[in-house]
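**Q** Each chain, letter by letter, is given below.
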Amino acid sequence: MAILIDDSTKLVVQGLTGSEGSFHAGRNRDYGTQLVAGVTPGKGGTDHNGTPIFHTVEEAVRETGANTSMVFVPARFAADAILESYESGIKTIVAITEHVPALDMARVVGYIRARSDDVSLIGPNCPGVISPGKANVGIIPGEICSPGPVGLVSRSGTLVYQIVHELTQLGIGQSTCVGIGGDPVPGSDFIDVLSKFEADPETELVVLVGEIGGDAEERAAAWAKQNMSKPIVAYFAGREAPPGKRMGHAGAIVSGSKGTWQAKADAFEAAGFPVAKNPTQVAEIVAGLRSKA
Amino acid sequence: MAILIDDSTKLVVQGLTGSEGSFHAGRNRDYGTQLVAGVTPGKGGTDHNGTPIFHTVEEAVRETGANTSMVFVPARFAADAILESYESGIKTIVAITEHVPALDMARVVGYIRARSDDVSLIGPNCPGVISPGKANVGIIPGEICSPGPVGLVSRSGTLVYQIVHELTQLGIGQSTCVGIGGDPVPGSDFIDVLSKFEADPETELVVLVGEIGGDAEERAAAWAKQNMSKPIVAYFAGREAPPGKRMGHAGAIVSGSKGTWQAKADAFEAAGFPVAKNPTQVAEIVAGLRSKA
Amino acid sequence: MDLFEYQGKELLRKFEIPVPEGRVASTPEEASEATRFLGSRVVVKAQVAVGGRGKQGGVKLVSSPEEAHEAAAQIFDITFTDQEGRGAERSKRVLVERAGELKAEYYCSFILDRTSRKHLAIMSSEGGMDIEEVNRTNPDAIAKVTIDPLLGLSDFHARELVFGGNIDEEARKGALSILPKLYRALVELDASQIEINPLVLTGDGKVMALDAKVILDDSAAFRHPFYEELKAAHEVNEQERKAKEHGLNLIKLDGDVGIIGNGAGLVMSTLDVVKDAGGSAANFLDVGGGASAEVLSNSLQIITENPEVKSIFINIFGGITRCDLVAEGIIHALARLDVDVPIVVRLDGTNAEQGRKMLADAPHPMLKTADTMLGAAEKAVALAHGEGA
Amino acid sequence: MDLFEYQGKELLRKFEIPVPEGRVASTPEEASEATRFLGSRVVVKAQVAVGGRGKQGGVKLVSSPEEAHEAAAQIFDITFTDQEGRGAERSKRVLVERAGELKAEYYCSFILDRTSRKHLAIMSSEGGMDIEEVNRTNPDAIAKVTIDPLLGLSDFHARELVFGGNIDEEARKGALSILPKLYRALVELDASQIEINPLVLTGDGKVMALDAKVILDDSAAFRHPFYEELKAAHEVNEQERKAKEHGLNLIKLDGDVGIIGNGAGLVMSTLDVVKDAGGSAANFLDVGGGASAEVLSNSLQIITENPEVKSIFINIFGGITRCDLVAEGIIHALARLDVDVPIVVRLDGTNAEQGRKMLADAPHPMLKTADTMLGAAEKAVALAHGEGA
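Chains as they are written, first to last, in the numbering used here: chain A, 1 to 293; chain B, 294 to 586; chain C, 587 to 975; chain D, 976 to 1364.
To be clear, the hints were calculated from the coordinates, so they are not data collected in a lab.
There's no promise every hint is true.
[Claimed, not checked] Here are a few chain A residues that face chain C, going by a calculated C-beta distance under 10 Å:
#, residue
1, Gly42
2, Phe54
3, Thr56
4, Glu59
5, Glu87
6, Trp223
All C-beta atoms, glycine included, are put in the ideal place defined by N, C-alpha and C.
Excised from the complex, chain A in its bound form (with noise of 0.2 Å):
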């Protein structure tokens, strides 16, 4: 099982040719990812290191059979990328692009949840989605991870490696890591992939790693605490961090929230989920719960 992508992903990379592009599918396709295709427009028909090249993404998905793309293109063709995966057919979309704006985000993604509850779209801004042993769709060191009960999601990066690197060091494998990015507007939200771990008979237990800022936390804790059957361990980034720019006054009125990291801490221990410290107390008590379960 696993959630996102695993045997079955059929990856195809818009952006292949280019040089992160490149070396980052290299990777996953070394992980054992099935790259299918990759799409660079007036490149159709040629090769990229034994991968082929489509001019369009529906040409690729016509082809290959692709379902799943990655999107590696500058940020301001990334709203485009994504358009033309979902137009395409593709199921699962993981935008690594960062620095696209709000707007376009907020215009593509309203658009695609409206239309379908089978799409997934993870990102922009995004490490993107592990299932260890399975597929690597994204820049997750694939050496850090490995298989095993915990589900992982979180706003930050480098911090899916930090706390993937701290649950190996214990031992503790993982069944899928996904991180859907600190953008302002993501594709999926914590309650999205929460609802498919929960659904995945291969997690036992899901780490949630937030950050302070936004509601998206203090959502999700809400969300878990009538939804969700499995634990969660939550750890939030910036409990010392410099209190920045507030946000408006009129973010504050819609989301009754300020974004803290008390506030986003209250409401997981509120919801009955343990909050750790660091990264390091994040694998700790998940051993706890695992050797109590």
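Guided by the hints, dock chains B, C and D onto chain A, whose structure is given.
**A** Same frame as chain A, now just chains B, C and D:
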């Protein structure tokens, strides 16, 4: 039962204080429809022939529990009025206004249909909906209708009246009569309404009234062949109409239909449904089918 | 409204879509002058709404002002018909355009598709010919892309069209830059169709629209004041023009039974039943919803001015339209006009009884009534044939 | 990017949103001159990013050029802080605006709301005060309307705001005409917020924006070249400015442990663990994804230039970032800089082993390594406190 409107309908009229809106809403109320509110920006707080007027639909819904709206505003304001009803939580929106730009409707209908399965937009450029003996929303003369087992759906307004009249002459009543309007982008098409009639226990038989042009009838025939257990009697106006300007080539490539009377008649006959030559014959065929049943 | 080629191209030019340099000419002299201005090789093209003008001699390549004069004179003499041989139309203007070398011809169109409720774009390297034929014989040569009007044309749509339509590499950049402009034009003009056939790659490597069939959505006229001007160039017959002045939707036909009805569906149905009764309609006239007494009176006047009309069938089923106002209009028209053909009136629906009573109270030798639509049709046809009824 | 009031108003003016006539002044003399130009009664307003400037003496109503001179001089002397008393900021400019009679003050704002992924508009007749307080005490006085960016602001949204926000009848028309302009500005500027508090009804019945808090989405800078110019007016400290020149995201803090990390989350987490280890960070520095050797080298240089820094903690977990390039950058920086504070490096992830080996092969007296993040934090803090490690 009936479909779309019935005893539980609570109607708000957008444009109630205009002369046509006032006239027809008054007739709807006299027919027995629960007319609970009118909306005219700037006239909120006033009263129009006993009906309270609000500035916005949102306010009308909040204050009166309106669940159905009738749009009687000029064409340039129609798309805005429909969206206002939709965003205010109205579940059945009946837009009478004609000459609404097709692009406005493509945007509005696309928006609503992508988001909600439980909202019905009827029209624009339509005569409305009547469930005889229960409620009347629109401009169909209530006095020509009577309760009974026939569901009627029509692209043409005046042909609704004509065929209801013919049915009534033969003593056959109607469950609901729906004028979907003849615009290029209607809020509901034949299939939307047929599926409601199929699910409605009060409807035993459906009369479908089409026109030449487009492929809505052909698609309805194909759908009905697969999905309708109830008989349909079809009639299409325009058999002898002068061939107007053809649709663009592009249109014909998409729909694969020339939209002629013959194409529509062939589609229904191939699906096993009788096609009448004139409105009088519609009623005769219906009577024949009922005497057999 | 179907625009003439020259009108469509004028609009496209505003959206920075390349079109050949050209001049509109209303006389052979103007055509000759335009040729002098444009240089030696030009194309003289008939400006008519029917398709297939080329096969009928409506497009001529000439090399001098004298030849252009002759070509225009010939074109002005042609009566064009559509592919089914109907709809006689003369060209009131010709478009004189500079001609150049072409490397390739493509097909490109955008429509608002009623089935998907979205914009649909079609592109193909098989341009300059009947695209429906290409669709039948070589569907893979055609790229079809649907565009949600809520999102508009994205870059990837343009790429799918250009790569999927097998556009030559040399023309790709030009085509990719024209597509967003065409889409902008489609949306901002409220066009229901823009068809460019052919879109060409010129000898010097430019991509431009060699033809343009633009159809505008008449319902959007309120937000595009220029629609009115464009409409003025479209000739209609005298009766249709008068009807339009009165806001009536009239189409002139060839028969002898004048038809007045409310609602396009009912009027079409009326044509059908008149045909079934052995008659033939002289016109299609839809007074629309909520017609006033004045509208009815004007309608009767316009129809009675047609000398072909032998009888008139007024078929009204009132909804928004109130039968009392219809009756008032009829009575008013009979009082002020010298009507010498029989009028069969059939009223039902809103205030029908009142209307019928008003007519009964104002007898006129030419005024007949009928209880049913079929009965009225038979009566009107019989009267047109000179049979008493 | 949070714009200064005068910058926001300049942008709003381009969208035909009425704002008071005004001039920006950088000196008391300029303020006095501006007052002479604008007429007798003007308001002199500090231009700072922190809120609550009025309570701190940053807004002064004056009646003569001399008074304006004095007011500006006073304002230039104030050190502004935010509501929590943090973030010392001086006003480099004042905005001098013509003052007039006000009949009413309203609140109006648009934001891109991350929770709903839509635009959210708020309007209230309770303007000129803390809208969060109004929301707590009198929520019915506030109209909140969500706007799907795929559809944009429709007329009904504007009506719901104006009628729902209880805007006075006299101001309705003006407010209804400003709202679509504000929304257009929001979208076309890629603003994440436009807050007008107060929106006012003037003595002569006009509706205008008396203040403006505009926040732009930095990610959209690629399609708005003017962002760069606006940014130039925003003062940052020397270290932040240098970091920005190198494309680094640095925030100056008050502690003594210099921090370099990759990814905002990991850097924030690093701050947390340094704090837990009893230390305190001198800065937040995120080198982002895919940092090159050059970026690392520049980062080290900028941080070592801060005399407060007693130790440096480089915390890298490689993903896009490759640890071998990080090591290369560190080695390069140590070779060309005279580094006299200890540097604790912790590398994991992509090419970590290679990076660790490179560091081991290039020993330097100030270079220490650590195996874990917590261990590294403790080591860096101990070194900052002068304890050997």
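**Q** Are the hints correct? Go through all of them and say.
**A** Hints versus structure:
1. Gly42: This hint holds: Gly42(A) lies near chain C, its Cβ roughly 8 Å from the closest one there, short of 10 Å.
2. Phe54: With Cβ-Cβ at 9 Å, under 10 Å, it holds.
3. Thr56: Thr56(A) check passes; min Cβ-Cβ to chain C is 5 Å, inside 10 Å.
4. Glu59: With a closest approach of 7 Å, the Glu59(A) hint holds.
5. Glu87: Nearest chain C Cβ about 7 Å off; hint holds.
6. Trp223: violated, 28 Å
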